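Peer 1: Sequence:
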Amino acid sequence: MNLMHNNKGNALLLVLLITVIFTALGLSIIASTLGGTKRTEIRKEEIAKAFASIKVIDQITADLSAELQSSPKYEIAKLTTGSVSAQIDEILTTLKMRYEDPIKGIEKIDFKDVTTAKGYLTPAEFNNTLTRVYEIYVTAKTGEEKGNIRRTATKRLIISPLPSFLKYAVGAEDGKLILNGSPNINGNIFANQLLISKNAKYYSGAYDPEKGPDKKMATPYPSIMKDLYASEFNSRHLQEILDLLRSRDEEGKTYFYKDKVPALKNDSQYQEIDFEGAFEEEQRKALGKVAVPNKDSLSTAVPSLQNDIAKGIEVAKSLPGPIPEKTIVFNDQDVLGEAGKHVGDLIITNTNKKIIADDLYVHGDLLIVANQSMTFNNIYATGTVKIISYNGNLSIAGNIASQGAITLMNNKGTVETKKAIATEQTLTITNKDTMFISNEGTPKKQNLFAAEKINITNETDGKLVLTNDLVAGKLEERENKEDTIVLTLNGQAKIKGNILSLGNENNNNITLLIYDNLDEKLETSFKGNVYAKGKLILRGNTEGTAKENDELKVDGVMYASGEAMVSNLNIVGLEDEDTMNNQIKQLILLSGEAGLVITRINEFNNYEELEETPNTNYVPADHVDDSKLNIKPIKGFFYTEGEAELYGVGSLFYVDGGLFAKSQLEINAIRGKTEKDSDGKPEEVSVKDQEGFYSRFIVNYNEDVLLQNFETLPKVKYLSIYPDDLTVE
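Under our numbering, residues 2 to 730 are what the sequence shown spells out, in order.
Hints listed in this document are in silico derivations from the structure and should not be mistaken for laboratory results. One thing to keep in mind: the hints can contain errors.
Claimed, not checked - Keeping only pairs whose Cα atoms sit at most 25 Å apart, straight-line, the calculated DSS-like set for lysine-lysine is:
{"id": "1", "residue 1": "199", "residue 2": "227"}
{"id": "2", "residue 1": "202", "residue 2": "216"}
{"id": "3", "residue 1": "433", "residue 2": "475"}
{"id": "4", "residue 1": "212", "residue 2": "227"}
{"id": "5", "residue 1": "261", "residue 2": "290"}
{"id": "6", "residue 1": "413", "residue 2": "446"}
Claimed, not checked - Listed next, with one range per pair, are the computed distances between beta-carbon atoms:
{"id": "7", "residue 1": "320", "residue 2": "461", "range": "37 to 43 Å"}
{"id": "8", "residue 1": "205", "residue 2": "489", "range": "30 to 36 Å"}
{"id": "9", "residue 1": "99", "residue 2": "251", "range": "47 to 53 Å"}
{"id": "10", "residue 1": "239", "residue 2": "59", "range": "48 to 54 Å"}
{"id": "11", "residue 1": "244", "residue 2": "285", "range": "43 to 49 Å"}
{"id": "12", "residue 1": "97", "residue 2": "251", "range": "28 to 34 Å"}
{"id": "13", "residue 1": "489", "residue 2": "712", "range": "44 to 50 Å"}
{"id": "14", "residue 1": "239", "residue 2": "60", "range": "21 to 27 Å"}
{"id": "15", "residue 1": "578", "residue 2": "664", "range": "52 to 58 Å"}
{"id": "16", "residue 1": "524", "residue 2": "693", "range": "53 to 59 Å"}
Owing to the predicted nature of the structure, the values given are computational and were not obtained by experimental measurement. Glycine included, C-beta positions come from ideal geometry on N, C-alpha and C.
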């Protein structure tokens with residue numbers, strides 16, 4: 002009986018225990034559900050406030066942009082470096098008052114000029130440019146009943162006077178942007194018309210733009226890692242772009258790599274440039290800074306050094322007396338005072354002693370052969386001038402000027418010239434050892450001038466330092482089509498100065514040839530601007546090693562009123578020793594309606610690490626440290642008034658900068674590795690074997706260009722805004 006009562010008691014306790022457990026579980030579930038609901042509500046509020054702050058910051062950006070282009074007082078021509086910050090502050094203060102509204106949840110709006118505070122520009126740079134960097138802060142807050150949740154959006158704005166094309170990785174202003182195959186564009190693109198194809202075109206043989214590419218290869222779709230901008234919302238073209246962004250192919254895929262579709266946005270502040278006007282204006286300014294801008298300066302009295310040259314040649318022409326039949330020879334003799342004035346041909350040489358000469362005036366030809374040390378002041382002649390060093394140290398402190406051709410040749414030894422070299426015919430300079438051509442002593446630059454042509458060659462063992470401007474070309478059209486200026490640089494060469502070709506665009510070309518300098522670990526650099534009244538060619542060696550071993554370091558702007566061509570050449574940025582942290586600069590190249598050609602770059606080369614990395618937007622992982630890459634990026638921005646067709650099939654393009662055409666821009670690319678077949682043509686690679694590998698045409702936009710000061714770029718009317726980093730905290 003007691004046992005029965007005990008069993009009943011235990012059963013009752015068990016029931017009570019189970020009831021308590023399930024009750025507790027039920028309460029926990031209810032509490033969890035209520036807590037989850039509350040957390041969901043809080044999360045919704047967080048998202049809502051984040052969205053609200055972003056929406057306001059975007060509106061402020063749009064209004065600031067519109068305001069900067071709404072009034073004549075904000076035109077770049079009327080702004081000063083001392084006033085621009087205050088004027089931007091004034092606009093932002095008005096916008097702060099317009100949008101700051103705690104009742105509507107926008108608790109606080111603030112802004113700050115961080116241009117120098119965060120090291121974007123040095124104080125000196127800040128005082129010499131209109132570029133400014135601002136941070137805009139917008140804080141949105143919920144009420145107490147919703148938890149006092151705050152979210153602050155911060156956006157960085159770069160406000161710049163640079164042309165709009167420099168804001169984009171890739172773009173076409175008036176014509177079509179055609180992406181054939183699978184290029185990778187890590188940056189914003191600009192297109193009022195966009196066409197995409199899954200087939201990359203390429204040449205099976207030599208590049209022949211008249212015939213066009215003769216082969217196609219199936220590929221994945223292109224990857225565009227940021228946004229697509231348009232400025233002209235033409236209803237037909239807009240609808241075509243929208244259809245492309247929304248469409249899917251026969252396999253149900255979008256027309257973009259791994260279905261990452263870019264957002265379509267409007268660039269209402271886009272400003273086109275006047276290329277021809279800019280070319281003429283900037284060339285004229287550059288000519289105004291040199292000592293000898295044209296042929297007339299050699300024979301007409303004009304101010305400054307031009308007057309010295311004109312007087313010197315006039316003295317040589319007017320020397321009295323009959324012209325002797327025999328050449329006069331000075332061997333191991335100093336040439337001083339009146340002895341420096343000669344009628345007839347003259348030879349000066351030395352074998353056993355140094356020679357010191359004062360000014361030379363020669364009515365005839367002049368030959369100087371230095372086997373020992375020689376020092377001259379000015380040299381003026383009416384005929385051909387040849388100056389040759391075989392084993393001497395030759396120094397010319399003044400001008401070298403002649404109505405005849407001038408040849409300066411250094412076979413062995415050191416040659417130094419310190420002022421202008423000017424001829425009415427052709428100037429030829431060849432260096433096999435050490436040569437310094439500088440400009441000293443006058444407010445205006447000295448320069449090398451030739452009325453016909455300039456040919457400069459630095460041989461493999463040569464060290465050439467040229468700190469001077471080069472000007473060549475006649476205003477009248479010549480029958481031949483030879484280049485006006487040719488620089489062939491094999492060894493170590495440092496060029497600092499502007500290069501200008503004058504006259505008719507049909508025969509005033511400029512060519513820079515850079516040969517095999519990386520094999521010898523020699524640096525070839527150019528700092529300055531180029532103005533080619535014709536075609537501009539930058540070319541490396543077309544023969545030789547498997548890797549691209551021709552490299553030019555550049556800091557400058559290059560104009561070509563005709564076609565611009567780059568081939569077989571690495572273009573990398575030159576360190577600017579005048580900036581904080583030795584900033585790496587780049588090339589900005591602009592060409593006329595004849596177009597842009599970039600070809601045979603890293604031909605049949607491949608990345609050592611072929612597999613792409615999504616977390617770097619399909620850009621090689623070490624792009625922040627180019628020295629670790631076997632393929633060096635082309636450091637530059639390229640613009641053409643005409644059309645450009647570019648091919649990353651056999652070639653491998655990695656552009657650290659941007660590509661832009663006023664007319665049509667077409668890019669063709671495959672992904673992955675390319676090998677030659679038995680005929681030297683690219684082997685076919687299946688679409689499957691291209692997936693997951695780096696594109697052979699990468700454009701990685703470099704925004705650093707927006708922070709630099711380019712006095713020689715085409716001018717635009719208003720400041721532009723480049724909205725950059727956006728964070729929400």
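Peer 1: Give a verdict on every hint.
Peer 2: Evaluated hints:
1. For the proposed pair residue 199 and residue 227, the alpha carbon gap of about 20 Å is at most 25 Å, so the pair holds.
2. With a CA separation close to 6 Å, the supplied pair residue 202 and residue 216 stays within the 25 Å bound.
3. A hinted pair counts as satisfied when its Cα atoms are at most 25 Å apart, and residue 433 with residue 475 does not qualify at roughly 29 Å.
4. As the CA atoms of residue 212 and residue 227 are separated by approximately 34 Å, the hinted pair breaks the 25 Å bound.
5. The suggested pairing of residue 261 with residue 290 is violated, with an alpha-carbon distance near 51 Å, which exceeds 25 Å.
6. As the CA atoms of residue 413 and residue 446 are separated by approximately 28 Å, the hinted pair breaks the 25 Å bound.
7. Separated by about 42 Å at the C-beta atoms, residue 320 and residue 461 satisfy the suggested range of 37 to 43 Å.
8. Distance hint check: the CB atoms of residue 205 and residue 489 are about 31 Å apart, consistent with the given range 30 to 36 Å.
9. Distance hint for residue 99 and residue 251: a CB-CB separation of about 50 Å, consistent with the stated range 47 to 53 Å.
10. Range check, residue 239 to residue 59: Cβ separation about 21 Å, and the 48 to 54 Å hint is violated.
11. Checked against the hint of 43 to 49 Å, the pair residue 244 and residue 285 passes, with Cβ atoms roughly 47 Å apart.
12. Restraint check, residue 97 to residue 251: a C-beta distance of roughly 52 Å breaks the suggested window 28 to 34 Å.
13. Hint check: residue 489 to residue 712, Cβ distance near 30 Å, so the stated range 44 to 50 Å is violated.
14. For the hinted restraint 21 to 27 Å between residue 239 and residue 60, the CB-CB distance of approximately 22 Å keeps it satisfied.
15. Residue 578 and residue 664 have their C-beta atoms about 38 Å apart, which leaves the hinted 52 to 58 Å range violated.
16. One distance hint, 53 to 59 Å for the beta-carbon pair residue 524 and residue 693, is violated here, with the actual separation near 37 Å.
The structure fails to meet hints 3, 4, 5, 6, 10, 12, 13, 15 and 16 from the earlier list, while all remaining hints are met.
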